[in-house]
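Generate coordinates for the entire structure from the input sequences, incorporating the hints supplied.
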Amino acid sequence: KGMLEMMNTPQEQNAVRMRLVPPGKVAGAVNVLPAAATMNGSLEATSDLCIRIDGNYTGKIDMKVGGTGHISVGAVVVTDMLVADFVYVEGTVQGDVHARQAVELAATSIVNGSVRYDKHLDIHPGARLTGQMNGPDAQL
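For the sequence shown, this note's numbering gives the first residue as 2, with consecutive numbering after it.
Check the hints yourself; a few may be wrong.
Said to hold, decoys possible - Below 20 angstroms or equal to it, Euclidean Cα-Cα: the simulated EDC-like pairs (lysine to aspartate or glutamate) are:
| no. | residue 1 | residue 2 |
| --- | --- | --- |
| 1 | Lys61 | Asp86 |
| 2 | Lys65 | Asp81 |
| 3 | Lys120 | Asp63 |
| 4 | Lys65 | Asp119 |
| 5 | Lys65 | Glu45 |
| 6 | Lys61 | Asp81 |
| 7 | Lys61 | Asp49 |
| 8 | Lys120 | Asp86 |
To be verified - Derived Cβ-Cβ restraints for the label pairs, each shown as a range:
| no. | residue 1 | residue 2 | range |
| --- | --- | --- | --- |
| 9 | Asp138 | Pro35 | 19 to 29 angstroms |
| 10 | Pro35 | Gln133 | 13 to 23 angstroms |
| 11 | Asp138 | Val31 | 31 to 41 angstroms |
| 12 | Pro126 | Ser48 | 32 to 42 angstroms |
| 13 | Ala108 | Asn41 | 39 to 49 angstroms |
| 14 | Ala37 | Pro137 | 34 to 44 angstroms |
FYI, nobody ran anything at the bench for these hints, they're computed from the structure.
Even glycine gets a Cβ: it sits at the ideal position worked out from N, Cα and C.
See the structure below:
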């Protein structure tokens, strides 16, 4: 068996695939939206936590203190802004992303919008991005 087949949980499997986002940041992720669900609204967090979205979400996501946003495979997020220290995208994001520490786009990711990262960026082969990239030296 391959290493991914021997892993039991999605968190363990993600830890193998992630290259930039610290695995500990997503290990205890709170599943905000399961795969079969749709939600419209605004999500705001004032503590350093990790959220995982597996379903279809429309609205702003603002992790005010630290925070990690994980958009999993098959998830679709339509947003004016997704803000967190770490952003790990495996699914689809339509809108703007701002990672205060690092953004990582997995091979399965599709991003249509502006991606801003203040420190680090990792784009896996196969990731699709249509939009603008703004790195640490960019003037917005």
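Results for each hint:
Pair hint Lys61 plus Asp86 holds up; C-alpha atoms about 15 angstroms apart against a cutoff of 20 angstroms. Between Lys65 and Asp81, the direct Cα distance comes to roughly 15 angstroms. Compliance with the 20 angstroms bound is thereby established for this hinted pair. A distance of roughly 18 angstroms separates the Cα atoms of Lys120 and Asp63; the hinted pair therefore holds under the 20 angstroms criterion. Between the alpha carbons of Lys65 and Asp119 the distance comes to roughly 15 angstroms, so the proposed pair stays at or under 20 angstroms and holds.
Restraint check for Lys65 and Glu45: the C-alpha separation of about 7 angstroms stays at or below 20 angstroms, so the hint holds. For the hint linking Lys61 to Asp81, the alpha-carbon distance of about 6 angstroms falls within 20 angstroms, and the restraint holds. Annotation: proposed proximity of Lys61 to Asp49 holds, straight-line Cα distance about 17 angstroms (limit 20 angstroms). Between Lys120 and Asp86, the direct Cα distance comes to roughly 10 angstroms. Compliance with the 20 angstroms bound is thereby established for this hinted pair.
Restraint check, Asp138 to Pro35: a C-beta distance of roughly 39 angstroms breaks the suggested window 19 to 29 angstroms. Distance hint check: the CB atoms of Pro35 and Gln133 are about 32 angstroms apart, inconsistent with the given range 13 to 23 angstroms. Roughly 34 angstroms separates the CB atoms of Asp138 and Val31, a value that falls within the hinted 31 to 41 angstroms. With their beta carbons about 35 angstroms apart, Pro126 and Ser48 fall inside the hinted range of 32 to 42 angstroms.
Range check, Ala108 to Asn41: about 29 angstroms between beta-carbon atoms, so the 39 to 49 angstroms window is missed. Distance hint check: the CB atoms of Ala37 and Pro137 are about 38 angstroms apart, consistent with the given range 34 to 44 angstroms.
The structure fails to meet hints 9, 10, 13 from the earlier list, while all remaining hints are met.
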